[in-house]
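Student: So you can see what is in the structure, the chains are spelled out below.
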Amino acid sequence: MMQNISIISKTIWCNDEVLELTNQRVIYWKAKKSLILSDLHIGKSAHFQKSGIPIPTNVLTRDLERLKQLILHFKAENLIIVGDLFHAEYNSDLDEFKTWRIQFSNLSIQLIKGNHDRFSNSIYEQFQIEVFKKDLVLNCLKFVHDFVTPSTDYFTISGHTHPGVFIKGKGKQHIKLPCFQVTNTQLILPAFSLFTGLNTRNAPKNCKNYCFTNDGIFEI
Amino acid sequence: MQEKGHEPFSFQSQTWERYQNNFSGMVVAPTGFGKTFSVFLAVVIDYLNHPDKYKKGLKLIWISPLRSLAKDLAKAMNDAVEEIGLDWAVEVRNGDTATKDRRRQERLMPDVLLTTPETLHLLFSQKKNARWFKNVTCIAVDEWHELLGSKRGVLTEIAISRIRNLSPKLRIWGISATIGNLEEAKEVLIPYDVKTTMIRAKEKKKIKITSLLPDQVEELSWAGHLGKQMSSKIIPIIYENTTTLIFTNTRNQSELWYQIIIDEEPDLIGQIAIHHGSIDKVQRNWIEEAISQGLLKAVVCTSSLDLGVDFKPVDCVIQIGSAKGIARFMQRAGRSGHSPFETSKMYAVPTHSLQLIEVAAVKEAVKQHEIEARQPYVLTYDILVQFLVTLAVGEGFKPEETYAFIKQIHAFHYLTKEEFDWCIHFITQGGNTLKSYEEFHKVVLEEDGFYRVKSRRIAMNHRMNIGVIVSEVILFVKFFSGGYIGMVEEYFISKLNKGDAFVLGGKVLEIQQIKDMTVLVKRSKKKKAITPSWMGGRLPLTSGLTHFLRLKLSDALTPNNRERELKFLYPLLKRQETNSHIPRHDEFLIEMIETKEGFHLFVYPFEGRLVHEIMASLIAYRISQIKKLTFTIAMNDYGFELLSDQEIPLTEENMNAIFSKENLIKDVTASINASEMASRKFRDIAVVAGLVIQTQPGKRKTNKSLQSSSGLLFRVLNDYEPSNLLLKQAYNEVFDYELEKVRLQAAFQRISKSKIILKKASNFTPLSFPLKVDSLRGTMSNEDLSKRIERIQKQALK
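Chain order of the listed sequences is A and B. With the working numbering, the residue at position 168 of the first sequence is 168, and numbering never jumps. To convert, take the position in the second sequence, counting from 1, and add 220; that gives the working numbering.
FYI, nobody ran anything at the bench for these hints, they're computed from the structure. None of these values were measured; they are calculated from a predicted model. Each residue gets a CB set at the ideal place from its N, CA and C atoms; glycine is no exception. Mixed in with the good hints there might be a few duds.
Keeping only pairs whose Cα atoms sit at most 20 Å apart, straight-line, the calculated SDA-like set for lysine to any residue is [stated by the list, open to error]:
# : chain 1 : residue 1 : chain 2 : residue 2
1 : B       : K980      : B       : A749
2 : A       : K172      : B       : R1008
3 : B       : K848      : A       : E77
4 : A       : K176      : B       : K544
5 : B       : K544      : B       : T798
6 : A       : K172      : B       : Q866
7 : A       : K176      : B       : S1001
Sample of chain B residues at the chain A side, in silico, Cβ under 7 Å [to be verified]:
#  : residue
8  : L635
9  : Y671
10 : M680
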């Protein structure tokens, strides 16, 4: 059993919406009672195992446990996942997810398909997931997987890049941390799974970075 | 041979005789004295005397560390065999061998096979490979001293043990240059219960070392590794000699020096070439050929030409910068004046002023004939895991039999049954001893009691990963119109854009396109181009050399008349003495300097970079016990620097405690756990053990969904599977408890007997400057991450 995680949040305005960024890699959107997250990569550890690379299975167990605590903490009724929910083929990790899913039968899940999400619709139906091929628009927010073109009508929320930031301090110190990247028109979510790398290049122009630690969230 | 009028050297006839009497052993001789023929002809003579004892197929396996050596050796052996009138086939097999030749060899192996440790392991991964090795009578390991101190040495040890298991009467012979631990080297190569002997040539190579000095001491900078200002001194030397090899320490330096020389002396264009490991093989072969034929005046090279066949025309060697070790220095010097009784000529070119002390130290060491030891690797679980899978891909293996012959190998002498079982568990169920991974079926135990790999994809991935040389992700560089130039690291290319110019193989190239792990380029006329840097290749100073370095520095202010390097440096050393201090042999110097960057602590143990890395994190750890701090750590071969954004609480009162030899090992262990060092070591281990799949240069990236970084895996395993043996190995490699402990304890013993001198300087001193500008860096912190970020934010607001 995992210890309780500490959830610290920071509220920002995106157009007319209030979003709560947390240090646990999700956004809480109070108006819709929704958690917004990206890049869970369920099935990644089992996919590695299948190819002869032993990755501990509890990576997924802890990711799911963290998500459970977040859902209970915010009393969320809906998950908006902006892509890469599943990593590869159907494998034993998905069975674990199935078991996890049953305990939240009232929770609805909306998935915007990512480049890794390649299952047929029937599989998503099994998991009671509503799938959007390209994007999903709710109020003034537009959810996509990978940010391609800027939109003037909507504020875009995406994932895919696993953003990170490089902080430089006096005495040649540097720290690399995952972050939310926010500009006037878009937001990029950090990857939810802890079994993911960080990309500190290719940040959007003029973006603010909200990086976080186990017990804090900071604007850089 | 004798009929041709060659009188054999006594070590050669001695080898022949001992071999006849069924000895295994090691031959120690300088290059150029025919050490190859000592062992090769021993086998031939034995065959001629007892042809009936030999069966068809492979008789002699000749392992050499370099592919480029094999080709010329095979030619020499073939000539000898022909002269004797023997119907033996001598062939090469390595990564360069064409597929059709490999298939032919697999049908019928030649009598003599020249190969590398990696290729032997690849042979083990083939179906029914045992039949090739059943009648092998001798394995010869050439340049054993080169393999010994690396993980490739362990690959060699394993290969020998496996072949000995198939052919129990095998004789094992090593050929080595002089190193500090020859007896141990022999033990590592032949740990078996057989008759062994050591044969040393009496012949000695004469070496003449001259250092090149600039006209004024001010012309040499305090730091740096290029030494460009010395180019005018080098040109006359190139003209005075027939062919000169110019050794640099990195590929980056060699590219830059090639440019410097042709800028200084354009007449040399066409008579000077560049040779390093990232240049296309075909071109390298061409250059080697050209050297042999005396077509080149000079070649700028790296360790790529450290070993190899004799280049007759080479009569002079120039070493740019430090050679980092006595053995390497002598090896390189030995590349000139190759024939037995000639003198090797070596010019040492300092790239910064302090290096002159190093040259003085090397000269002293060569004079006293003190050559450092090469330490063998032990308990490399990553290689064991790789080898077990290799066997499982090949014929399959039975654990008891395999454990028995693994245990005999020097590297695995102390392997416990539990550790061996963990390795089996790791490749069959995934390592976590509490829980097996459902989807993990890399190696499967079959009903006949054999472990085998069933999946063809896993077998293929494994074959591509065999070996222990871990490189960055490499891209081929190719002209748009066709023709390879060489290789660069992805890391370097990722910083460039289309149209940017860079230098490779002495050519200025412009990026056109990057496709399928290949960089397509065209020639560029741009004046400004970037020189690629290749990671790695930075060698630490060996302990043998650091000892002499401390001695030389100690009497640097009172040099004797013959030491022109120290006399030349006098003004600079005087300056160090005035601004701070020059440590005498019974003193230990610490400097504290405050600058805009923060608070610097410089410490000068003169123990070589490897020891400094551990000492630095140890001292950082001890200081951070007084007050929570974050340090940036830098080290070079002379000392290390701790840099912090906050004041460092080191004083005359507590310095003896902080540099105390008490609780040494306990504190070292704690500091290693707090630093990033193990994570860096894990990088190679993860690849060797098959946790990270390497992408082959020039191949399309295939395993995209299987990509992960070793840093990420290190973190995941530390969090979820701390008992993993490969993790343990990473920590062990940072601080080899058996080997480094001795050196570290000796260093602290020395410090405890020395007078610690703490100087506060207002500016960087000649000793501290190189550390500030030119060193490798790491971090160590025991502060709370959130607190650090908050402080960085506050500092930014100031």
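Student: The structure should be examined with respect to each hint, and the outcome stated for every one.
Tutor: How the hints compare with the structure:
1. Note on K980/B and A749/B: the hinted pairing is violated, with a Cα-Cα distance of about 42 Å set against a maximum of 20 Å.
2. A distance of roughly 13 Å separates the Cα atoms of K172/A and R1008/B; the hinted pair therefore holds under the 20 Å criterion.
3. Using a Cα cut-off of 20 Å, the hinted pair K848/B and E77/A is violated, with the two alpha carbons roughly 43 Å apart.
4. Our distance criterion of 20 Å between C-alpha atoms is broken by K176/A and K544/B, whose separation comes to about 34 Å.
5. Proposed proximity of K544/B and T798/B is contradicted: the alpha carbons are some 29 Å apart, above 20 Å.
6. Taken as a hint, the K172/A and Q866/B pair is honoured in the structure, with Cα atoms around 12 Å apart against an allowance of 20 Å.
7. Among the hinted pairs, K176/A with S1001/B is consistent with the structure: their alpha-carbon atoms are about 14 Å apart, no more than 20 Å.
8. Taken as an interface hint, L635/B does not check out: its beta carbon lies about 20 Å from the nearest beta carbon of chain A, beyond 7 Å.
9. A cut of 7 Å between beta carbons decides the hint on Y671/B: the least distance to chain A is about 13 Å, and the hint is violated.
10. Interface restraint check: M680/B against chain A, minimum CB-CB distance 11 Å, threshold 7 Å, status violated.
Of the numbered hints given earlier, the model fails hints 1, 3, 4, 5, 8, 9, 10; all others are met.
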